[in-house]
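Those protein sequence lines, which keep their order, are chains A and B.
Numbers given in our numbering equal positions in the first sequence, counted from 1, plus 38.
Numbers given in our numbering equal positions in the second sequence, counted from 1, plus 280.
Simulated from the structure, these hints should not be mistaken for laboratory data.
Careful: at least some of the hints might be erroneous.
Said to hold, decoys possible - With a Cα cut of at most 20 Å, we get these calculated PhoX-like pairs of lysine-lysine:
{"id": "1", "chain 1": "A", "residue 1": "K221", "chain 2": "A", "residue 2": "K243"}
{"id": "2", "chain 1": "A", "residue 1": "K201", "chain 2": "B", "residue 2": "K314"}
{"id": "3", "chain 1": "B", "residue 1": "K319", "chain 2": "A", "residue 2": "K295"}
Stated by the list, open to error - So these bits of chain A aren't anywhere near chain B, every CB distance computed over 12 Å:
{"id": "4", "residue": "Y107"}
{"id": "5", "residue": "V195"}
{"id": "6", "residue": "L219"}
{"id": "7", "residue": "K221"}
{"id": "8", "residue": "I250"}
{"id": "9", "residue": "T278"}
{"id": "10", "residue": "E280"}
{"id": "11", "residue": "R290"}
{"id": "12", "residue": "E307"}
{"id": "13", "residue": "G312"}
{"id": "14", "residue": "Q316"}
Note that the structure is a prediction, hence the values are computed from the model and not measured.
Beta carbons: idealized from backbone N, C-alpha and C, even for Gly.
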Amino acid sequence: MPWTAHDRPFLDPAVVSRLGTLELKARTVVEGLLSGLHRSPFKGFSVEFAEYRQYIPGDDIATIDWKVYARSDRYYIKKFEEETNLDCHLMLDVSGSMGYGSHHVMSKFEYGACLAASLGYLMNRQRDAVGLTAFDENIVTMLPASSRPGHLLSLLVTLDRLKTARQTNVSKPLHQLADTLTKRGIVVLISDLLDDPAEIIRGLKHFQFRGIDVIVFHVLDHDEIEFPFERATRFEDLETSEEVMAVPGVVRAQYLKEIGALIERYRRELGSSGIDYQLVDTNQPLEIALLSYLSARSRSL
Amino acid sequence: MLSFLAPLFLAGAAAAAVPIVLHLLKREPEARVKFAAVKLIKQAPVEYTDRRRLRELLLLALRVTALLLLALAFARPFVATGAAVGTTGVTVVALDTSYSLAAPGRFERARQLAKDAVARAPAGDLVGVVTFADQAEIVSAPGSDRTLANDAIQQASPGFGATRYRAALSAASQHLAGRRGTVVVVTDLQENGWDAGDRASVPEGTTIQVADVGAMPPNLAVTAVRVLADRVVATVHNGSPRARDARVHLTIDKRPAGDAVVSLGASQSAEATFAGAPRGTAAAVTVDDPDGIQADNVRYAVLGGTSPSSVLVVTGSGDVNRDAFYVQHALAAGTRADAAFQIAGVAAAQLASWTEERLAPHAAVLLLSTRGLERRGRELLAGYVQHGGGLFIAAGPEVDGEVVGDVLGAGSTLQIAAPNVGKPASRVLAPADGRHPVFQTFAANPASLGLVTFRNAARVAGTACQTLARFTTGETALVECPAGEGRAIVIASDLDNRWNDFPLHATFVPFVHEVVRFLASAHLQTVDYLIGDAPPGVPRVPGIVTAGAAARGAGGARAIAVNVDPRESDPARLSMDDFQSAVTRLKDTGALETRGEARQQEDQQHLWQYALAAMAILLAAEGVLAARTA
Chain A
39 MPWTAHDRPF LDPAVVSRLG TLELKARTVV EGLLSGLHRS PFKGFSVEFA
89 EYRQYIPGDD IATIDWKVYA RSDRYYIKKF EEETNLDCHL MLDVSGSMGY
139 GSHHVMSKFE YGACLAASLG YLMNRQRDAV GLTAFDENIV TMLPASSRPG
189 HLLSLLVTLD RLKTARQTNV SKPLHQLADT LTKRGIVVLI SDLLDDPAEI
239 IRGLKHFQFR GIDVIVFHVL DHDEIEFPFE RATRFEDLET SEEVMAVPGV
289 VRAQYLKEIG ALIERYRREL GSSGIDYQLV DTNQPLEIAL LSYLSARSRS
339 L
Chain B
281 MLSFLAPLFL AGAAAAAVPI VLHLLKREPE ARVKFAAVKL IKQAPVEYTD
331 RRRLRELLLL ALRVTALLLL ALAFARPFVA TGAAVGTTGV TVVALDTSYS
381 LAAPGRFERA RQLAKDAVAR APAGDLVGVV TFADQAEIVS APGSDRTLAN
431 DAIQQASPGF GATRYRAALS AASQHLAGRR GTVVVVTDLQ ENGWDAGDRA
481 SVPEGTTIQV ADVGAMPPNL AVTAVRVLAD RVVATVHNGS PRARDARVHL
531 TIDKRPAGDA VVSLGASQSA EATFAGAPRG TAAAVTVDDP DGIQADNVRY
581 AVLGGTSPSS VLVVTGSGDV NRDAFYVQHA LAAGTRADAA FQIAGVAAAQ
631 LASWTEERLA PHAAVLLLST RGLERRGREL LAGYVQHGGG LFIAAGPEVD
681 GEVVGDVLGA GSTLQIAAPN VGKPASRVLA PADGRHPVFQ TFAANPASLG
731 LVTFRNAARV AGTACQTLAR FTTGETALVE CPAGEGRAIV IASDLDNRWN
781 DFPLHATFVP FVHEVVRFLA SAHLQTVDYL IGDAPPGVPR VPGIVTAGAA
831 ARGAGGARAI AVNVDPRESD PARLSMDDFQ SAVTRLKDTG ALETRGEARQ
881 QEDQQHLWQY ALAAMAILLA AEGVLAARTA
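If we strip away everything but chain A, and leave its shape as in the complex, we get:
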């Protein structure tokens, strides 16, 4: 059964944004998410026994070790340490356009970084190797995938040091990364995808060609989805500094049509290509994005 955003209360991104470090944010989001899940999302891909624990109501009955019960007349459940050989690559867009943020919540970049950190934390926790690639028009930073315990810290520090700056060229880093990956795994792209959709889709399909699953988090600010501006405004492009004076009332309909068409195109073309596409509004809780990942992850196994 897929998880939905309405099944449970999540942390408001505004709350998350006020948490101190990226690690704390990631841990809060992930632990908060996992602590409420009754069914283990890791069922089926953990193989190594870790310990016994006394059964407590709510635990899955299937995990009860009946042999121990026969010997001791007590219910114990088996706990396994997960093992994986899956490489997960987080690709975070740090182009200038990701710097946009409104309504006193996180910018797209901050939201994306937090999402990347949470995913990294989650993956590290389940012993998946996780790597990070930050890019704008080129690859800015690349942290190879690893499941070492200390690797999460490196990942978080790298994320913490990232800043938005340059223009976007999403497809180019996609191709570069696709060429470098030799091992099957998952690529998680976190970007606003404000680039040529055809090129981006082509780059994503490159991963599929290499046998790598792709999950796309299309991060957009609420303003970019709804265009709630009222008064005449001079809009300055975050990447090109190009300015356009526009009256929102005049351009809103056309803009919404354009952004809707762009989203729909990604949803349609990526879906048809077997690429998980998730539109993420920065107003939405991060857990929803994580659940999307977990859902996609469970499907891929």
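Given the coordinates of chain A, assemble chain B onto it according to the supplied hints.
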């Protein structure tokens, strides 16, 4: 000049500031947003900033103009002309040019005071100059050029008129025309400048200032000359505070005819008598007073010029002693020299042999009988009346209505019919128009005429005639009928104690006098005039002048004496307070008149409708533009 009927509504124009203020307040620093999806915005039709800003300014201008037009419409604008023009203040300098200022040095001082008043007039005020004595004259209409006002003052000079403040203030008030104004009266504050009970009216709010020229210098004046049969008597007044001896001279036809010396106490008058029957046409009495006012040092008189006016009485026989006994005695009665009339009688039948020239000199004609009045005589009377003569018809038993119809000319509507048989025997006369000059004498006691009993009365009617009195029975008693340049008064009874007892009553004499005087008013010959009362065309200079006889029958040109008003020689002065208290400030009648005229002009122009129409058009344009701008 654009004026407003309700200028207070212009304050509503301040509402025009509202959109301006809103515009300025709303003109925050330009909203700038750093945005990621600019290229998506660019794909929408983008409005250029400059064009939008221009459109917004145009919108602002339209809204402001619409509000201004609304305020303008409510203020009821109109292009003012005439008295409705403007609210600029006006200063009118009224300069006394009466002869009391003709003493050496006095008028120069008056001029200087007037120029000072011009110089002191508030900046921006229009300044005008009025000279006045017994009449006022605008010598410099209110204007912004004060040089013109000063030139007019410089060119003014004292004349021979007497001071009349009322004339000055009336003229000045007309030029204030409802505007804020100041009237500066430059005068020597003579008390006689106000007639008894006289008041002048100025608009409320008008400031009256008096520039006092100063008291009159010691002065001697000849205030009257009486020509009697055996002597000439002149009255000399000493206007100085000390006794003086005055040398008085009589000249007749410019030849010395006598000298006299009179002793005069302080502020007293005395008579100088020149014995001997005056022979000649014109007399002049002068007094030596080189330091005083010169104009009142001489007085003129026409010798033999006070003959009574002649009244022709037309009777049946021509014997006025018999046929017009009561009328003759009534006309001869009179206490004043000019009150009595010279009476001439003629039989109606004899008029046919008269000429126009013989009839013309008579001041009035009393038609008491038409017995024997032939066509020629009727035409003669008709011509007399048509050319300005006065005819008094007593429609008694001696007067035939058929004949009378002809004596007023062909266009006459006068009809006189014999009395009805069997009518009540007694009736009383009651004036229908008490304001008519004929009844002025009876104004104090109109009931006195009710004592007369009329036993019989003719039936008098005329569509063009004005009924002056009716009998208590409702019949017409007295009518006035215009005929050409003259007029006739018809009484529906006789004047010989036959149909009424009018001649036996005290009211008969004044009634006959007033009727005859009214009819003869164009012919009465006055020979002694004050300058202010001189006939038109006569120079306003003292002396013996020949006046052209305007009226037919005056006998052509005649000599008249024109003298200065002796009251001007009276040195009595007003205080400033007395002067001010004689001025009544009306409830801004000038302003009301101006407002009335302004309202009339505004009603004719309807500019407010154009303003509202323009506002509606602007608002429509604003609506279209706003819809495109939103």
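So, against the hints stated earlier in the document, which numbers end up violated here? Those not satisfied are hints 9, 10, 11.
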